[in-house]
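Visitor: In case you want the letters, here they are:
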Amino acid sequence: MKDSYVTSDGRTIGGVLMDMRGITLRFGGVEAIKNISFDIREGEIRAIIGPNGAGKSSMLNVISGFYHPQEGEVWFRGAKRPTMRPYDVARQGIARTFQNIALFEGMSVLDNVMCGRLTHMKTGVFSQAIWHGAAQREEVENREAVERIIDFLEIQAIRKTPVGRLPYGLKKRVELARALAAEPKLLLLDEPMAGMNVEEKEDMSRFILDVNDEFGTTIALIEHDMGVVMDLSDRVVVMDYGRKIGDGTPDEVRGNQEVIDAYLGVAHD
Amino acid sequence: MSADFLYGIEVILNGLMAGVLYALVALGFVLIYKASGIFNYAQGVMALFAALTLVGIMEGQVPFSHLINAVFGTEIHHFGWHVPALLAIFLTLCVMVAFAWAVQKFIFRHLVGQEPIILFMATIGLAYFLEGMGDLMWGSDIKTLKVGLPQGGSRWIEDMTSGLGGDDFYGFFIDKLDMVATVVAAILVMCLIAFAQYSKQGRAMRAVADDHQAALSVGISLNFIWVLVWSLAGLVALVAGVMWGAKSGVQFSLSLIALKALPVLMLGGFTSIPGAIVGGLIIGVGEKLFEYTIGGMIGGATENWFAYVLALIFLVFRPQGLFGEKIIERV
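Chains as they are written, first to last, in this note's numbering: chain L, 1 to 269; chain E, 1 to 331.
Accuracy of the hints is not assured; some may be wrong.
Restricting the straight-line Cα-Cα distance to at most 30 Å, the calculated cross-link-like pairs of lysine-lysine (DSBU-like) are [claimed, not checked]:
#1 K105(E) with K176(E)
#2 K80(L) with K122(L)
#3 K160(L) with K185(L)
#4 K80(L) with K105(E)
#5 K160(L) with K122(L)
#6 K122(L) with K146(E)
Read the hints as simulated data drawn from the structure, not as lab findings.
Based on the sequences and whatever the hints tell you, model everything.
Guide: Here's what the structure looks like:
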C-alpha cells in the first residue's frame, strides 16, 4: 500500500497511525474478539461495523485501554504500546465518546468540555492551589481553546447549562466537544448517532466530516446505521461474532458476499 | 434590649462558631465520599492522629520510642529539640499526605468496585489501626497542644458590648480560641470550595465524583484523585485536631468529634459541600439554642442528643439531606 494518497474529495490520507495486530480478547471462556488485525491511517475516517454482539465496542475499548487483550499487539505512531491504563491512553492523544454517553451530569457544558483539556494542563497541585501565575495563564489559554470548540459545534447557547438537563441529541454533541477539546490524534466514536432522529443524524454526520476536514483528526467510529457509515467513511472493517469478515472501501465491503450474508441478512430470492 | 434577648444572641454566636467547626469536620467526610463513595469512619481518628503527630513533632518526641526502647534496651524519649509551630504543622501535613498515599496504595486500591458496606468496614478497621498507631508512635498520655493560639474570653468584646443591655447584662462572652477557630475554619472551607470549583485538579475531582469511566477517558488517574482527596481530608483533620486539641487537650476523646459530624451529614447530605456548611451551622446554633431555652427545663445536657434528634426528623422528610442529590429510582 502506498504511504499516503489523496482522496477523491481532496483530503490527504497519511501513513499508518494505529495498527492492531492479531488482537484476541476473552471474557472467561467467551472470545469477544478473535485474532483481528487492521490499521487506521492518519487523517482517515475508519468505520467498524457489524451486527449486535459482534465485538465492535470491545474493539474500541481495547484501543482506548479499557480492556486488555490476551493476545496481540497494539501499535500507535510506529511504536508498540505496552499495557496501558485508560488515562495513560488518553494522555497519549486518544480521545473517545461512549455508546451510552458518559458525561459529568452535574457539571455545566463548559466545565465538561474543560475537562477534555485536562491532558493539556501541566501545572501541579501546589501552583493550582495558590492560583500561581502559570496556573492562571494556563486556565485562560485552555478556556480559549474550549470556546473555539464550543463555537465550532454550535453549542454556545447552552454553555452554562448543567449537562443533566440537556436532551439526548445535545448530550451526544457535548460529549463530542469534550473529546475534541483534547485535540486528539485519534478520535474514537462509539455509535455517535445511536438513538437520534434523522435531522440529528445529519447534524452529527456534518460535524464528524467537518472535524476531520478542518482539524485533520483521524476518526474511528462504530455505527449501526449502514447508510451513514457508507457515506462517511473512507474504509470499513466489518466484524461478526468477534471475527473480521471484511475490510476495505465502502464499495468493496458492499460487494462482499460474506458481509452481505452476515450483516445485512441472507438475501431472499 | 432585655438581657434574655441579648444572651440569646450570644448563644447564637457561640452556636455559629461551633457550627463552623462541625462543618469543617463534615467537609472531610464529604470530600472522600463524593470522590470515591467511601464513608470514612476514620475521619475523627485522623484528627486525633494529626494532633498527636503535631504535638510529638513540636516537642521533639522520638516516634515509637517505647517500641525502640523495649527492643534495643535503650532509654531514648526525646531528640532534645523543639520545632517551631509553623514548621511542625507543615511536617504534620506531610505525614498526613503520606498517610493518604499509604491508605490508597495498601487498602482502597485493592477494594475498587467493592460494595459500599465493605469499604465502610475497611474504614472502621483503618480507624482502630490508626488509633493504635497513634498510641504506639507518640504514647497514650494526654498532651497539651501549645501552638500559640489565644485562650480565654475576649475582654474587649465583653467591654464593648456590655453597654447594650441593662444592669444585668455584662456583655457577650466570646472565647478567643473559638473566634480563631471560626476564622481559620471559614477560610479553609472557602479555599476548599474555590479549589474544587476553579482549579484543574478540583475540576478533575468533581469529574471523578460524577462518572469514573468518563473521568478515565479524559486522562484523569483515579488513583491520583483519591490520594488527593484523602490528603485534603487529612488537612481538614489536622485543622480540626489543632482547634479541638488546643481547646481540650490532645487525647482519645478528640476522635469523637467525628460523631458530631454525623448529624451534620444527615442534615446536609453526604454529597454536598454547601450542605455540610449549612448543616454544620444549623446543628451548631440549634443545639446551643435548644440547651439555652428548653434544656434547663428538662434537666440539661441536651447537646449530647439534640443534634441527632434534629437530624432524624430531617431524615424522615428529606432522606437525601438539605442539598444532597435527589434519589430517584426508576422501577
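Visitor: Straight-line Cα separation of K160(L) and K122(L) no greater than 30 Å?
Guide: holds (25 Å)
Visitor: Given the hinted pair K105(E) and K176(E), is their Cα-Cα distance within 30 Å?
Guide: Distance ~41 Å between K105(E) and K176(E) Cα, so the pair is violated.
Visitor: If you draw a straight line from the CA of K80(L) to the CA of K122(L), is it 30 Å or shorter?
Guide: Satisfied, since the Cα-Cα distance of roughly 26 Å is no more than 30 Å.
Visitor: Quick one, are K80(L) and K105(E) close enough, alpha carbons at most 30 Å?
Guide: holds (29 Å)
Visitor: Hint check: K122(L) vs K146(E), CA-CA at most 30 Å. Holds or violated?
Guide: violated (40 Å)
Visitor: Would the hint linking K160(L) and K185(L) be met if the CA-CA limit is 30 Å?
Guide: holds (28 Å)
The structure does not agree with the numbered hints 1, 6 stated previously, though it agrees with the rest.
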